[in-house]
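Engineer: Start from chain A and add chain B according to the hints.
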Amino acid sequence: MTDPSVSAGHGVEIDCRSVTAGYLGSRVLRQVSFRITEPSIYVVLGPNGAGKTTLFRTLAGILQPYEGEVYIGGEPIDRQSSRDRLHYLTHVDGLPDGLTVREALEFFARVEGAQLGDVDRVLDQLEIRDLSAKFPSQLSAGQRKRVSIARVFLRERSIYLLDEPTANLDPKVAREIRELILKLSREAIVLYSSHNLFEAREIGRYVLVIKSGQISRFDRIENVRSSRYVLGIRVLQPSPALAAYDHEGEYYLRELSGPEEVPAVLRELMAQGVQIREAREMENPLEDLFA
Amino acid sequence: MLGITVRRASVTGRFYLVYGTAISLLLGVLLAHFSGPSFATSFPLFLPILGVVGAMGGLLVFASDRTKGVLEYLLAYGYSPRRLFANVLLTTLVLVSIVVGIGVSVSLGVYFAEGHPVTSTLAIGVGVYAVPMAFTCAAFASTVGVYWTALSSPRLGVNSPVGLIPFVGILPALVTLFAIVAAGLSGPISTTTLLLILGSGMGLAAIFVIILLVSMGRLLRRERLLSPA
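Chains A and B, in that order, give the protein sequences.
Here the first sequence is numbered in the working numbering, starting from 1 and rising by one per residue.
Here the second sequence is numbered in the working numbering, starting from 1001 and rising by one per residue.
Everything labelled a hint here was simulated from the structure, so no lab data went into it.
Using N, Cα and C, we set each Cβ at its ideal position, and we do this for glycine too.
Accuracy of the hints is not assured; some may be wrong.
[To be verified] Simulated coverage check for chain A against chain B, where a stretch passes if three residues somewhere in it have a Cβ under 8 Å from a Cβ of chain B:
#1 49-63
#2 74-86
[Unchecked claim] Every beta carbon over 12 Å from chain B, so not counted as near; a handful from chain A, in silico:
#3 Thr20
#4 Tyr71
#5 Gln115
#6 Glu127
#7 Pro171
#8 Arg205
#9 Arg217
#10 Glu222
#11 Asn223
#12 Gly232
#13 Glu255
#14 Val274
[Stated by the list, open to error] To spell it out: a stretch of chain B is covered by chain A in this simulated footprint if at least three of its residues, at any positions, have a beta carbon under 8 Å from a beta carbon of chain A; those stretches are:
#15 1007-1019
#16 1070-1077
#17 1210-1223
The shape of chain A in the complex, shown without the other chains (with noise of 0.2 Å):
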């Protein structure tokens, strides 16, 4: 397990100390240590019930830990210092009953201390704007998680997590927060979870993996490998160099012992004359993470 602290010039901000934590005298997390110092986004993955969703509460100071401490910025997250650095986003959508999403969102600011002026500029941000006068109850679930998505920007944070804050959008919003959660993590550390493995290893830049209450590997993406390297290979004209290659819809397949491989494999290819139209990775590295 790498743990990337190491490598990061900057202050502690999370510092999570052997914390077991859960619900009602249930043990869900168990021993969980890990350090955060570097600006980034960390994707914490991990099937469900794995303790994702815990391992949020209990960094957001919601939970309090049977065992173990959670730092924030060097200070105890029960101190409201630490929870000013915070911004939570809920797996729910959070939105309360009975308000616009204009109110909702100037209740939020409100609670979090933005000025309301700032509710105004995530509407623009958000495109959210031909909703203000609409109740939740009025909203699709994609609609009510991009106003509850918008609660994010209203106050900049030096810490966000955000628990699967891409479920419900369509893949063009989905996108665009994306865009807008890379941003923030240019100056902030976001702990983001996602069931999408192709959407977190786009954003992701550290995979933080949960399997049952306890972190079974924190590591750079990068350094994630599948046990199978498969390239697919696409190409313009169907050629006879491809004979000896396997068939998954219109790619070509050939299995290789790493990336590295790559490189000389297509110059084979071109070589041959084959015109290649797209070369990929066709399985995720993230997935083996689950196995």
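Structural biologist: Relative to chain A, chain B alone:
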């Protein structure tokens, strides 16, 4: 926070608020106009019940906030469970004051406009029983409702805590009335005895509410306020 919650409770529980206010107003005005002196004994009986019904919005907001993750959000920003609970309680009391305020003021206005006098029965019935008991019952319903909602899995409908709590909320009024009836079986009861029974009924309910509020940290763990994972 309180202002927003009251507003949300008024919107979310508008049916209950309108129903409680309208029925208390309608019955109060009809009784004051047609029943004359018996207004003093009949009107106070139903006011606590309608107060509990009219103030259901507070509990509705709490149940909704728990399911939808609003309580979880507020806990993350340092709001304590007790503060959230007190917010529901105060919201309930504001709502019941709307029902009681409109019902009592308009009904008494009609009663006096009809030329009926102020009697000790009216003063005790409305001033000592109906109004304080409406607040007591609403606070009782709100407190038990918050605990019940938090301790049970989220569910909707008539069998949910929100659906059943009006029946529980009127218990202090029913117990007090039964005690008055029981005391009256052996003969007419004195005003002192009546006031003692009324004071005891409301006092016990109020003490129960305060104990639950103070013990919240021990009896109701914050995990109970989280949305289902």
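Engineer: Each hint needs a verdict: does it hold in this structure or not?
Structural biologist: Outcome of the hint check:
Counting residues of the segment 49-63 of chain A whose beta-carbon sits less than 8 Å from any beta-carbon of chain B gives 7, enough to reach three: the coverage restraint holds. Figure legend: the segment 74-86 of chain A, annotated as covered by chain B; annotation consistent (3 residues with Cβ-Cβ distances under 8 Å, at least 3 required). Distance check for threonine 20 (chain A) against chain B: the nearest CB is about 14 Å away, which clears 12 Å, and the non-interface claim stands. Residue placement check: tyrosine 71 (chain A) keeps its beta carbon more than 12 Å from all beta carbons of chain B (closest about 16 Å).
Distance to chain B confirms glutamine 115 (chain A) as a non-interface residue, since its nearest Cβ pair spans about 16 Å, more than 12 Å. At roughly 23 Å from the closest C-beta of chain B, the C-beta of glutamate 127 (chain A) stays outside 12 Å, upholding its exclusion from the interface. Annotated as non-interface, proline 171 (chain A) keeps its C-beta farther than 12 Å from every C-beta of chain B; the closest such distance is 25 Å. Listed as outside the interface, arginine 205 (chain A) is consistent with that label: its C-beta sits roughly 25 Å from the nearest C-beta of chain B, beyond the 12 Å cut-off.
At the 12 Å boundary, the C-beta of arginine 217 (chain A) stays outside the reach of chain B, the nearest C-beta of that chain being 22 Å off. Under the 12 Å C-beta cut-off, the non-interface status given to glutamate 222 (chain A) relative to chain B holds; the minimum distance is some 31 Å. With a minimum CB-CB distance of about 30 Å to chain B, asparagine 223 (chain A) clears the 12 Å threshold, and the non-interface call stands. Distance to chain B confirms glycine 232 (chain A) as a non-interface residue, since its nearest Cβ pair spans about 37 Å, more than 12 Å.
At the 12 Å boundary, the C-beta of glutamate 255 (chain A) stays outside the reach of chain B, the nearest C-beta of that chain being 39 Å off. With a minimum CB-CB distance of about 50 Å to chain B, valine 274 (chain A) clears the 12 Å threshold, and the non-interface call stands. Check on the segment 1007-1019 of chain B: 6 of its residues sit with their Cβ under 8 Å from a Cβ of chain A, so the three-residue criterion for coverage holds. Here's how the segment 1070-1077 of chain B fares: 7 of its residues keep a CB closer than 8 Å to some CB of chain A, so the rule of at least three is met and the hint holds.
Check on the segment 1210-1223 of chain B: 3 of its residues sit with their Cβ under 8 Å from a Cβ of chain A, so the three-residue criterion for coverage holds.
Checked against the numbered hints above, the structure breaks none of them.
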